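Okay, here's what each chain looks like letter by letter:
There are 2 protein chains.
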Amino acid sequence: MAEPSLARLSALFFGFLLLLATYSWVPRLHSGLLSGTGVQKTLGPDPKLRVDHSSAKPHHPLDPLTVQEIERVRTILLDHEPGFGSGSATIHSMALDEPDKTLVVKWKKGNRLPSRRAEVLALSVGQSHVIVVDLDSGRVVSDVVNPTSGYPILTMDDLIVASQVALKSIEFNRSVEARGVKLSDLVALPTFTGWFGPEEEGRRILKVQCFTSQDTPNYFMRPIEGLYATVDMDKLEVIKIVDKGMVPIPKAAGTEYRYNVQNKPVHMDRINPISIEQPEGPSFLVEDGHLVKWANWVFHVKADHRAGIIISQATVRDSETAGEPRSVMYKGFPSELFVPYMDPGELWYYKSYLDAGEIGDVSWRHSEILIPNADIRESRPKVTLVARMATSVGNYDYTFDWEFQTDGLIRVTVAASGMLMVKGTPYENVDDLGDKEDDSGPLISENVIGVVHDHFITFHLDMDIDGPMNNSFVKVKKYVAKTEKDAQIKLSLYDPYEFHIVNPNRKSRLGNPAGYRIIPGGNAVSLLDHDDPPQIRGAFSNNQIWVTRYNRSEQFAGGVLVYQSHGDDTLQVWSDRDRSIENNDIVVWYTLGFHHIPCQEDYPVMPTVAASFELKPANFFESNPVIGVAPIFEKDLPVCRPFASS
Amino acid sequence: MAEPSLARLSALFFGFLLLLATYSWVPRLHSGLLSGTGVQKTLGPDPKLRVDHSSAKPHHPLDPLTVQEIERVRTILLDHEPGFGSGSATIHSMALDEPDKTLVVKWKKGNRLPSRRAEVLALSVGQSHVIVVDLDSGRVVSDVVNPTSGYPILTMDDLIVASQVALKSIEFNRSVEARGVKLSDLVALPTFTGWFGPEEEGRRILKVQCFTSQDTPNYFMRPIEGLYATVDMDKLEVIKIVDKGMVPIPKAAGTEYRYNVQNKPVHMDRINPISIEQPEGPSFLVEDGHLVKWANWVFHVKADHRAGIIISQATVRDSETAGEPRSVMYKGFPSELFVPYMDPGELWYYKSYLDAGEIGDVSWRHSEILIPNADIRESRPKVTLVARMATSVGNYDYTFDWEFQTDGLIRVTVAASGMLMVKGTPYENVDDLGDKEDDSGPLISENVIGVVHDHFITFHLDMDIDGPMNNSFVKVKKYVAKTEKDAQIKLSLYDPYEFHIVNPNRKSRLGNPAGYRIIPGGNAVSLLDHDDPPQIRGAFSNNQIWVTRYNRSEQFAGGVLVYQSHGDDTLQVWSDRDRSIENNDIVVWYTLGFHHIPCQEDYPVMPTVAASFELKPANFFESNPVIGVAPIFEKDLPVCRPFASS
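In order, the protein sequences belong to chains F and E. Sequential numbering from 1 applies to the first sequence in full-length UniProt numbering. Sequential numbering from 1 applies to the second sequence in full-length UniProt numbering.
Keep in mind that the hints were calculated from the coordinates and are not lab data. For clarity, every value in this text was computed on a predicted model and none was experimentally measured. Just so it is clear, CB atoms sit at the ideal spot from N, CA and C, and this is done for glycine as well. Check each hint, because a few of them may be wrong.
[To be verified] Per the computed footprint, the stretches of chain E lying under chain F, defined by three or more beta-carbons under 8 Å from a beta-carbon of chain F, are:
| hint | segment |
| --- | --- |
| 1 | 86-100 |
| 2 | 509-515 |
[Stated by the list, open to error] A few chain F positions that, by computed beta-carbon distances, are all more than 12 Å from chain E:
| hint | residue |
| --- | --- |
| 3 | THR90 |
| 4 | LYS182 |
| 5 | ARG509 |
| 6 | GLU614 |
[What the hints assert, rightly or not] Straight-line distance between alpha carbons at most 27 Å, and here's what the computed DSSO-like set of lysine-lysine pairs gives:
| hint | chain 1 | residue 1 | chain 2 | residue 2 |
| --- | --- | --- | --- | --- |
| 7 | F | LYS293 | F | LYS244 |
| 8 | F | LYS423 | F | LYS101 |
| 9 | E | LYS182 | E | LYS240 |
| 10 | E | LYS240 | F | LYS490 |
| 11 | F | LYS207 | F | LYS244 |
| 12 | F | LYS507 | E | LYS264 |
| 13 | E | LYS207 | F | LYS475 |
| 14 | E | LYS264 | F | LYS423 |
| 15 | E | LYS423 | F | LYS507 |
| 16 | F | LYS490 | E | LYS490 |
| 17 | E | LYS264 | E | LYS251 |
| 18 | F | LYS507 | E | LYS507 |
| 19 | F | LYS264 | E | LYS251 |
| 20 | E | LYS240 | F | LYS475 |
| 21 | E | LYS475 | F | LYS293 |
| 22 | E | LYS182 | E | LYS207 |
| 23 | E | LYS251 | E | LYS490 |
| 24 | F | LYS251 | E | LYS264 |
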């Protein structure tokens, strides 16, 4: 898979990001945190491949807001209380408010689009607003204030400003300098730590932690342990400075990761260049910027400021029924990310790429010797289409892959890379630690503890097998889940269940209901008590599989307003309503996890680790759907002559 | 990954297979089972790429027996009682009897090879013989009769003869014809069903089941249910014919899988040809036919009649210590395969290919925006080397991949494909079944039940972290397993352990012991009671991880003589000896499983399903070992111009 390439999908998304960049930036930023110029330089594809989106129009009901629509929403809000015009209210996020599912399902190309609406999360004098703006009529149609606990997703401004506030504090500066760190090397990183305790209720707080970038770009490996400031983001004041005393700052040597400054010999034979080639070009088409057509699949794909990548209306053509397009999944996206002891709500992609491409493997093979006089060696290629989003979220870098196979299988893979969040320590050797083990994690370099952590990503999978209604969730073959509490699933190797979403109204010729099966891959679970505050907020990670009744407002598994929320609007809360999920419109939630006890190989950067799950057709097709797909023939691959082996 | 390609590894193995073919065939075989000509035609690479092995010599202590050595063993045995010369004894298997580990570890290229020995499993008048022949002295050095219950692996002759015996039975023929099946369409398939019951003790039995190949090559989908014959392989007589009455034979329509006779339109846009290209050729070298050198890895690879593919002496070079080659794994191979309700001991590869190649992905990435005026977008390619063995074992086709990454990780993947073993039934629709469910499995086509089954493969992983001795098995960070019973591990998501093999005598600069971690992927477990006879024989699947003390005779987890064994020589038995495994020479066993409830998509052939696990360095290196590895640069990939997207 090529690195951020210049496919049209990328261009589309870069367009969106560029827009975001121009929309909300403080242009000149404090050194050590962000440079507006720096952001511009790191975003965007090669200038000659940029696409101008300024006059783009929506073509599909699910297409994201266009540049013009975003501008229009801003204009409409200028007249809306409380004071967007006066600047006392700020827009924290804006995205398409998707039309009702029934309208989207009925819509066909050529029809008028349903009304275009935007959902805006805003903040005004400490109050959260969830606002819907109707673009067709030009009016605000609803504005709900503080529907739940918590605040909207943070803006870039929030982060920048919080750091600036801390850095204006003389006491803070003194503490930094007392540690031998120059202010010009200081990186003040805002972090979210969710549950602050009663004295901080009712205020929007951020914790600012410090790192030094002296002699390295990898400041993450040079934490200034024991010093942080708590900042009120709205009053723009420092509430508290905590200085626990000096902890040695880990050295810069060995932290450099830029290839062009590496200077140690690598004892490894050269790996020759390798690429995946399609001499006749790729096999997928993208219509109107978002509709992807490949092999027997069609799906809508878009970037989203919160979800990253959303796949919608995935349908697959059935050769048994003359190519009838059949519904599989209405909407799928990573709904929430929980990295204990960090926060949910970190789905904040300020640097993301979309990429797509095809990869090749073997989908089926068989050789046969028991047939007289036959030379049977059959195989089918497995070429899959991958829609990948790569993103950097501070120290971590993630990729989210939605992989489509011609046999109807969808594989979702999350890979994590980047670098660890580490903690400084006085220790330089495990012998110094002796029996007194650091609770946070193991020593991975001198003075560096790799903090043990997990990553949980809960995916929202609105499965619509042969249609939105008439779906059920079945454990094994016969046990149909009736209500939501029946479908709070903790996976166990010793539970022999398979988990299927079926449409009992559509039966195969043999009488099996059409369905898809959820196949877990490697996984990990949260070990926090369900009552632990972070776990209450991250309650969507209590189970690996959940099934809820479709409800358009139930999208983000940690709630709409996640920041400093109390966990009153999570997937656990919705599921506990115990609604009927039999023969209905249901949504599956799958939680994928990685448990990570760091080791020295994760220093100074972490190699990619990946986990995945699959959605596989089970009695959806009448028989194996790819038996008629052509093998790859030598004559089709004339381009490169193999180099003779030595 | 290309289909059976023409790498030198393949050529080597084909050479071995061709030898096997000439060695033991009955040239003219009954129609409907095997044709000697058919076998010849399906084996072997393109004639112009064949390698002549007739004068090959061994170069490494672990190199498999050469053509000349095999001939020599046969000659030596001609004079050995009981009667190999007279034909009353038959050779069931022959392979290198590997030299003692200490000799192999000490050996260096240029030294004399340790004595070459062959281990022969033979049968003579119903007695099993485990014979060791010393090639240097030209003598039989040991012959142990019936060391345990069970018989040696079956030969092609056994299978052919058993079928012939059944087909000579008039009663049997009548039953076949009574079902409307022509004898010329009959495929008589020998199957192994392990536990026969007391009346069959002391005899070598085979069960012959019938299928019809009328109008299709996919006879597996046309079982003649309810009829089988039990045959005594040594007396060459039918013991019993079971005819439970007629069950409809599933139709031929829809079973064809050969691409060139497919006639239904496939509603799918064309997928353009795709290949993985290395314009400068592959990066691996193979020395002396078996020693693979790639990037920072060296390992010995060979085909084995029983294990399929064996990886030995895998070492990785450490750039921190000037390229010092460090031992990781002494020997790794799939030790036993258990497919309840089928037998262990089915590791009988009569059609296997070895293949190797490189594949590309991303090993690490990071983008950084918080550094002023920097444009940081770093990534490292992940090009891995895969040694793959593809094999057909009757209806199933497996691939076993050993994948090596430059960061020291080894990934083992097993993929299953081919077609299901099915059962005939009168039913054509699930409604006909009603509440009365077929215990064997679900309906996947008219009159076809897909039998529910599992596949368990236990891998033998003789980990030698920085040397053979001084290894320990650690759960989490501090709990070191002392004896074998401490290391009988049932995986559970709710057990937060990590599992490491460490060398406590080799510590990193921080004091962490050098180690490798076992990372499970998706898995499944056997649901049979531990007391169930098949589970006693397949007891190696009771746990997902085991660790035993190195013992050269403990290689095959179901025992040496698996056929009709009683489970007296399995991994469970060895592990229950509870030997000390702390700071010693230890072996890890990993059981990987797939649970398969068939569905219509598995008919008439099964798409590939795969499962894997990883062996990942943990404090083995001082820090991330690939940070100095070059990214892939555009200029290195000049060969193919991308086709412009439409």
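Q | Contradicted hints - numbers only | A | Hint check: 1, 5, 6, 7, 8, 10, 13, 14, 18, 19, 20, 21, 23 and 24 fail, others pass.
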